[in-house]
Each structure stands twice: as C-alpha cells, then as structure tokens.
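Undergrad: Sequence:
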Amino acid sequence: MAVERERPAAAWGYAALFALFSALYLLTATRDYAFDSVSYALQIRRFEESGGARWLLHPHHLLFNVLGLAAHRLLGLLWPAADPLAALQVLNALLGAAGVVLFALVAGLIVADRGAGVLAAGGLGLSYGYWTCATDGRANLPGLVALVGALGVIAALLDARRVRRARAFARLAAALGGLHALALLLHQSHVLFLPAAAAAVALSPGRPRRRGVRLYLGISIGLGGLAYAVGALLAAEGRGLGAVSGWALTYARQGRWWDFHVATNLVRDAQAFSHALIADPALSRTPGVGILRLLAGCAAMAGAAAAGARLWRLFHPPRPVFVPSLWGFEPDPHASPEPSLRVRALQGAQRRLLPVLALWAGAYALFFTVWNPGYFVFWVPLLVPFWTLMAVAFASPGVPVARRRATVLATAVGLALLAANNAATGIGPHARAAGNGRLQKALAVRAHARPGDCIVIAGAGDDADAEVYLPYFAGCEVLSLNALLAGSGGKPETLAALRAAINERLAPGRKVYVHEELYTSEGPYATLTPRHGITRAEVVRFLKRHYRVGPPSRWRVSGPGAAESVVVRTTAGGGDR
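Going by numbering that gives the first Met the number 0, the first residue of the sequence shown is number 0, and it counts up by one from there.
The hints are simulated quantities; they were obtained by calculation from the structure and are not laboratory data.
One or more hints might be untrue.
Claimed, not checked - Lysine-lysine pairs mimicking DSSO-like chemistry, simulated, CA-CA at most 27 Å apart:
| # | residue 1 | residue 2 |
| --- | --- | --- |
| 1 | 510 | 490 |
| 2 | 510 | 543 |
| 3 | 490 | 543 |
Based on the sequences and whatever the hints tell you, model everything.
TA: Here you go:
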C-alpha cells in the first residue's frame, strides 16, 4: 500500500518539475538569437511560402525543421501571430523541461534514489549550455532529449534483472536503435553516440549478445539511412544527383570547420565544457558575476570530488574486517554491513554503466576537439554523463538520515549558486532585445528599406549573422559574398555571378544596397581573404567599375536608447567604366 501511495505523489512531483522548468525556460526566452536559430525559422517560413522540400529538410538536422513546422502550426491555433522562431523557442522550452523530467526519472532509476535523480536533473536543467538551448531555437536540444531516453534504455540493458529473458533483451536493443536513429535525424552529430550504445548492448548481461548488437545496429543505421535517402530525394525535387550532392554538402562548403591544432584545442575544450556548465563572466558587464562564477565553480568541483569518491567506493568496496575472539576470528560488529543482493545488483549495473558513459563523453570530446573546437553548445551532450555521475554521488543508500540531509542541503546550495551565476551572467542579459545589436540593426533596415530590397553583404566577420537576420526580421533579400564564393569555382565566377544577381534585381526597379563593411572595413576580409583569396580592393574596384555607388547612408532604428545603426550605399547601373 505504501508503494501505491508513493506513485501518485511521485507523478505529481515530476509534473511540478516539468511545470517549473517550462515556466523558467519560457520566461527567460532569449532575444539574442543564434545564427542557426534564425536560419531554421527562415527555412520554415520559406517552406510555408513556397512548399519547396529543400527548405524543410536540413541536411544535418533532417527532422528538426519538420518538428519546428509542426510546432508552428500547433502554436498558431492558440497564437495566430506567432512566427516560426517563437514556435521553435516554445518547442525547445517544453522539450527542455521534458528532458529534465526524463533525466530525473532515468537517473533516479540508475541510482535507486528518486531524490538524487531530481537533484541531478536540476543540475542538468540549470547548466548554462542546456538552459541556453532550451531558450533559443537551436537544433541541439531535441536530439539530446532522445539521448536521455536512450540512457534510460541503456540502464535497463545493464541491469541483469531486466534482461533475464531473451525477448526483453531484444526489445531493449531494438528500442535503443530506434532512439539513436531519432537523435541522429534530429542532429547529425549524434552519430557519435554509436560507440557508447554498441558497448551498452555488448556489456549487457542479456543474451544472445550478437543478436542484440545486430538488432541495435540494424535499426539505428537502417532507419537513419532510409530516412536520409528519402530526405535527399525529396530535397532534390527531381533535379537529379547533382541536386542531391548540392543539398548534402551545402553547409560543408560554406566554412572551414576542421582544426588540428590539438594542443591549443585541448585548452579550448576545457573552456567549452566549463562554459556549458557554468556561464563565463565575460558574457556580462554586471558587477559581481565573477564572484558568483567562483562560488559556482567551487561547488561544481566539490560535487565532482564527491562523485569521484563515490565511484571509488563503488569499484573498491571495503573488505570484510575480522577481529580476534575466543573462537578465532569473527566479523567486526562495528564494520559496515554487507550490501544486500538488491544493492549488489544495482552496483553491478552501475559498474557496467561507467565505461559506457566514458565512451559517450570520449567520442564527442575527441570529435569536437578537431571540428569547430571551443564551441560550448557542442559540449552540451557531455552534460548528461556528467550529471549521471553526479547522481551517483548524490545517492545515499544506507547513509544515516542526518548525513543525507546535509548532502541534500549542500547540493541545493550548489544548484542555487549555479542558477544565480548562469541567470545573472548569460541568460538574463540575453533575454533583453535591446542587448542584441544584430537584431537592432535588422530593425533599422526594416524601418528604412522596402520589403524585397536587396543588400549585398560579406557574410563573414562581425556582421555575418546579417545573412539570416536581414531576411527574417527586415524582409530584405541578401546576397552573401562568402556564400557565392563557397559555391563557385573562384573569384572570376563569383564576381560574374554577383554582377548578374545585382543586375537581375535592378532591372525591375528594385533597390540594391551595399553594406558598408564590404566597402571600407577590413574586418570581414580577415575571413574572406585567407579562405577565398579575395581582397577589399578587388571588391571595391569591381563595384566602381560596374555600378554607380552612392555615398554612405546611416540607418538607425527610431526610439530612445537606439545605439546600433547600419551604414549602406545605394547602387545603380552605370555600365563598364
């Protein structure tokens, strides 16, 4: 009867946890939108306007825009004025809260301590990287929630009591394959989860092991491969294999992502993971955030040390102590009692889980050391194994009540410091639209340009985000020099394509502007020159030769406190000179 009474109470507790984190993420929704978030929202809008599948099916996040479109349609029933970006933020806020609750359940099962699971889930949900993803329209969060579900399946696979029957083992292996395929289709980087998942099936006490591995690999690779094949054909829209290749390599051609300066990157790795956990004070000008960061960092290190000690005891249990007596030697009555069969089974599952978590963290860390190193968002998936180990530290089987209360209190203080630092340093400042200079510049363009006007931009440097901000927030078309260079055979072809594009837009009387950064600033050329070999002098010479370029005009958004502005030049056809 006691268990039956506990279940409704636990359900209400998890519901309250979901409501709490949903409200937190919705109320702290960012206004400092990431480039990718605006890009996905723009693609959804273009699909709704044109019906072209290539806008909906992102080559690296195949299902994310599909999910975003569904969220936009559903949100539109309640809030007709909602735009795709707002829908993506609501989607991620609710999925983020669901991920926290799911992790609380999974971690609680792993350590057989519901309270420890909730504390660890609070740590995950308040970590800066997770919180950031849950308040923006990024593609990182839905796939991560799928991996949290996969962690629950892994925990069941490693528990001998759950895989006694071959059928149960096969079902769990198949479920793991399905969840991994889902995560992969939401974010392609989750292919890195494969070593950990395969190891979990191989280390499971379930049998037959080979069948389980085949089931997992067949379902994860089969579903993922089939979905990508169908997606590529739909995105090509009947234009042949060249269109398939162009769709698949669109983003690979637009940047230099690899970096093999491993020694430098390892330092950046440490900074990125630290930032994913605790927001860097450099994000904020608010006085005192450095002290908060120090306190939160100390709390995190203390928690990590406690987790390490707990894991040491898990793998090095104390040996029985014998003391002399009249009859020889007998167990010391003051020594810790032998763990029960249930506790020994639990500890066995936890021991098998440790190498799986190590493979999980190791695969992601190795890849992101050489691919776009130092970007904290890519280190968010490592927070799941980290907080799983912390749940092991928080769990207190057989610990006296007084010591358990002290552990809970210390953990709560640490989480409060983590939340305060992350809110004051990054989340709070980013929730204010006035602090997003890119947004203010786009609003300035919207106030002065007409819908459909075109602006030629660098697509690199400090104003690279204008490539998506201007179309989405200002309704202007952009011609990105970086994108044209990436998709062409060289400078002559790019400049010819740029000229043709400008002339095409000038012909019907549309206005074409040149962003001042292309004309007078060396900033974007710090990227464009080494990447594509083009210089500012060449671009200016090209513009002066073919067009009449007007004097600079400064556009500023109206209203008090408007500090950001955009400087553009008008172009008009003038013939070769």
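Undergrad: Compare the structure with each hint and give your call.
TA: So, going through the hints one by one against the coordinates:
no.	hint	verdict
1	510 <-> 490	25 Å, holds
2	510 <-> 543	17 Å, holds
3	490 <-> 543	17 Å, holds
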